[in-house]
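Chains as they are written, first to last, in this note's numbering: chain H, 1 to 268; chain U, 269 to 610.
Everything labelled a hint here was simulated from the structure, so no lab data went into it.
Wrong hints could be hidden among the right ones.
Label-pair restraints from in silico Cβ distances [to be verified]:
hint	chain 1	residue 1	chain 2	residue 2	range
1	U	A601	H	L131	48 to 54 Å
2	U	V464	H	L52	27 to 33 Å
3	H	S53	U	Q600	48 to 54 Å
4	H	K35	U	Q447	25 to 31 Å
5	U	V461	H	S53	42 to 48 Å
6	U	F421	H	S53	57 to 63 Å
7	U	E469	H	D193	54 to 60 Å
8	U	V464	H	L131	31 to 37 Å
9	U	I605	H	L131	26 to 32 Å
10	H	G150	U	Q447	26 to 32 Å
Partial pick of chain H residues on the chain U-facing surface, computed with a CB cut under 8 Å [as the list claims (entries may be wrong)]:
hint	residue
11	L80
12	N81
13	K91
14	S95
15	L113
16	L121
17	K128
18	R174
19	T245
All C-beta atoms in this analysis are idealised placements derived from N, C-alpha and C, irrespective of residue type, glycine included.
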Amino acid sequence: MNSVNQYKSDNLSSDTILSVRNLEKTYPNGVRALKGLNFDVKKGEFLVIIGLSGSGKSTLLRCLNRLHDPTAGEILFEGLNITQVKGEKIKLIRSQIGMIFQHFNLIPRHSVLSNVLMGRLGHTKTWKSILGWFADSDKEQAMEYLRLVGIGDKANIRADQLSGGQQQRVAIARTLAQNPKVLLADEPVASLDPATCHSVMDYLKKVNQELGITIICNLHFLSLVRQYATRVIALRGGEIVFEGTPNEISDSWFKEIYGQSAKEVHIN
Amino acid sequence: MTSFRFKRTVFDSLCFAFLLAFALYAFIHPTENQLLDLTTNTLFFLGLSLIGALVSYFLSKRNIITWGQMIFAPSHLTHNSEELAWYQTLWGWQAAVTLVVLFAAGLLSTKFSIMDLLDEDGFNGAVRLFKGLASPNFSILPKAVVNVFETIFMAFIATALAIPFAFVLSFLTAKNVMQGPVSFSIYWLLRLVLNVVRSIEALIWAIIFSVWVGIGPFAGMLALMIHSIASLAKQYSEMVETVDEGPIEGVLSTGAGKLQMIWFSIVPQVVLPFISFTVYRWDINVRMATIIGLVGGGGIGTMLIQYQGQAMWGEVGCIILVIAVVVWLMDQASTYIREALK
Numbered sequence: 001m002n003s004v005n006q007y008k009s010d011n012l013s014s015d016t017i018l019s020v021r022n023l024e025k026t027y028p029n030g031v032r033a034l035k036g037l038n039f040d041v042k043k044g045e046f047l048v049i050i051g052l053s054g055s056g057k058s059t060l061l062r063c064l065n066r067l068h069d070p071t072a073g074e075i076l077f078e079g080l081n082i083t084q085v086k087g088e089k090i091k092l093i094r095s096q097i098g099m100i101f102q103h104f105n106l107i108p109r110h111s112v113l114s115n116v117l118m119g120r121l122g123h124t125k126t127w128k129s130i131l132g133w134f135a136d137s138d139k140e141q142a143m144e145y146l147r148l149v150g151i152g153d154k155a156n157i158r159a160d161q162l163s164g165g166q167q168q169r170v171a172i173a174r175t176l177a178q179n180p181k182v183l184l185a186d187e188p189v190a191s192l193d194p195a196t197c198h199s200v201m202d203y204l205k206k207v208n209q210e211l212g213i214t215i216i217c218n219l220h221f222l223s224l225v226r227q228y229a230t231r232v233i234a235l236r237g238g239e240i241v242f243e244g245t246p247n248e249i250s251d252s253w254f255k256e257i258y259g260q261s262a263k264e265v266h267i268n
Numbered sequence: 269m270t271s272f273r274f275k276r277t278v279f280d281s282l283c284f285a286f287l288l289a290f291a292l293y294a295f296i297h298p299t300e301n302q303l304l305d306l307t308t309n310t311l312f313f314l315g316l317s318l319i320g321a322l323v324s325y326f327l328s329k330r331n332i333i334t335w336g337q338m339i340f341a342p343s344h345l346t347h348n349s350e351e352l353a354w355y356q357t358l359w360g361w362q363a364a365v366t367l368v369v370l371f372a373a374g375l376l377s378t379k380f381s382i383m384d385l386l387d388e389d390g391f392n393g394a395v396r397l398f399k400g401l402a403s404p405n406f407s408i409l410p411k412a413v414v415n416v417f418e419t420i421f422m423a424f425i426a427t428a429l430a431i432p433f434a435f436v437l438s439f440l441t442a443k444n445v446m447q448g449p450v451s452f453s454i455y456w457l458l459r460l461v462l463n464v465v466r467s468i469e470a471l472i473w474a475i476i477f478s479v480w481v482g483i484g485p486f487a488g489m490l491a492l493m494i495h496s497i498a499s500l501a502k503q504y505s506e507m508v509e510t511v512d513e514g515p516i517e518g519v520l521s522t523g524a525g526k527l528q529m530i531w532f533s534i535v536p537q538v539v540l541p542f543i544s545f546t547v548y549r550w551d552i553n554v555r556m557a558t559i560i561g562l563v564g565g566g567g568i569g570t571m572l573i574q575y576q577g578q579a580m581w582g583e584v585g586c587i588i589l590v591i592a593v594v595v596w597l598m599d600q601a602s603t604y605i606r607e608a609l610k
């Protein structure tokens, strides 16, 4: 059984892509969302982070791509300290880390293809992107990624006319267009019905296994965790209370993570 | 001193000072020069207020309820043990007398005169004017129509030229876009400048511009444009500040820069409201363009004031009709377009 908060070794092995050390995030209103987190992420992992709402999952993910700024601690991305960088460097880091969200965060009035091309914004000159002059190779790749997630035929439809599951797949295609090394997923299926849930998680698994992209995913349901995760971290009150493989989550750990009166809900 | 006591004292002392000042004005009949002596008059009024404050204090010590006490004190302190009618109380008389005196002062100040209203010659002149308006002289209709087109285009160009400036300014004056110390100072400064520009009525701007570029539609157009830039920028920026955060996060997470973020995540969300505000502004500008003509802004307004100056009421009636039709049509079109945009 893995112990809580065990920070592995100080040597960064070559297959560690992300390393978090003593990460702290305190909001201006005084709320301590993250209290000294320590963990590593290996290349090609499908790491799932579980925990109650308010346990700090979303904050953690947003610190990793600097949408939020950490208050203290370090984040190392491929060995480079990205905690304090500013300006152009942040854009560079973000272009290598894709992110999908619970509410999809697409541009509703733009077409599906246009949304996928957003993934190339970090690699396209500003004036060209504003005029819509994306490279032909970019457009072809975007179409390929749309086909990969099974909605190649919807390329010219307005994004807000798709169903939830389809929109999330467009979001996945958008991150793929970045050719990222890591894909962050903040509760990607929390707004979807059970069947669509599995469909989207299957695409994430496909992206992880066929394209070798490391995935860090926040999830609510343990049954999904057991099906998709290679490793699990559980947060509670901004601290890590469990780190290990999905099988290792026993009943007692379940209660530790979710609270004494929690009962497991299965989605099929 | 607790809050209500302070407010009560201020109110009562002002009341008292006002009544005394009015009485003195009525009995002494100050000359124009005495009225213009601002320093003496202010000091005098302050002195009266001080006396009023003392009176108020004195009365409250005697537990006599003043009008100020009725208004500001909590209810348990304004309740009379014997159920008195207003005319049996001090505060009742204080209120009544003050209101009557206020009314009288108002009528005197506006030189209200029943005699002027009933004056036979004046009345006959008015009848002549209304008859003229009611039977418009359509011989000048062609000229009026030409001029009203000048006015409509003045409003159109003013709005159209204002759009690009207001568009850029809307992002520079939006709190959620201008974050960071340098940006915030720019935001603050621009907001201040635009507020000042907007407070100066377009009519005044027209006067300023007619001195600069000469009387005519160009001055009117510039005046409307400047005012429109400031008004549109404010309305636009309010929309920018209320956009959904989601698409912004989505675009930023790909490694996009600030301009890309604005163009792809904010602009699509505000396009429709922007168009709606712009159409509304064009509507307002058409109305204002007619008035601006009165101070030399060209178009139908200038034609109106020419005929009005010569008391040619038939012609004035025709022009008024033309203006009314245009404004009504513009209003219909504007409502129709904005409905379609929803």
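Structure-based check of each hint:
Range check, U:A601 to H:L131: about 32 Å between beta-carbon atoms, so the 48 to 54 Å window is missed. For U:V464 and H:L52, the Cβ-Cβ distance of about 51 Å falls outside the hinted range of 27 to 33 Å, so the restraint is violated. Checked against the hint of 48 to 54 Å, the C-beta distance between H:S53 and U:Q600 comes to roughly 51 Å, which is consistent with it. Between H:K35 and U:Q447 the CB atoms are about 27 Å apart, so this pair conforms to the stated range of 25 to 31 Å.
A beta carbon spacing of about 45 Å between U:V461 and H:S53 agrees with the range 42 to 48 Å that was offered as a hint. The hinted range of 57 to 63 Å is satisfied by U:F421 and H:S53, whose Cβ atoms lie roughly 58 Å apart. Between U:E469 and H:D193 the beta carbon distance is about 57 Å. The supplied range of 54 to 60 Å therefore holds. U:V464 and H:L131 have their C-beta atoms about 36 Å apart, which keeps the hinted 31 to 37 Å range intact.
Distance hint for U:I605 and H:L131: a CB-CB separation of about 28 Å, consistent with the stated range 26 to 32 Å. Separated by about 39 Å at the C-beta atoms, H:G150 and U:Q447 break the suggested range of 26 to 32 Å. Residue-level restraint check for H:L80 is violated (minimum Cβ-Cβ distance to chain U is 15 Å; threshold 8 Å). With a cut of 8 Å, the hint placing H:N81 at the interface with chain U is violated, because the nearest CB-to-CB distance is about 18 Å.
For H:K91, the interface hint holds, since its Cβ comes within 8 Å of a Cβ in chain U; the closest pair sits about 5 Å apart. For H:S95, the suggested interface contact is upheld, since its CB lies about 3 Å from the closest CB of chain U, less than 8 Å. Interface restraint check for H:L113: the shortest CB-CB distance to chain U comes to about 14 Å, outside 8 Å, so the restraint is violated. Here the hint on H:L121 is kept, as its CB sits about 4 Å from the closest CB of chain U, short of 8 Å.
Of the supplied interface hints, the one on H:K128 is violated, with its beta-carbon coming no nearer than about 10 Å to a beta-carbon of chain U, more than 8 Å. Here the hint on H:R174 is kept, as its CB sits about 7 Å from the closest CB of chain U, short of 8 Å. Hint status for H:T245 relative to chain U: violated, with the closest Cβ pair at about 29 Å, above 8 Å.
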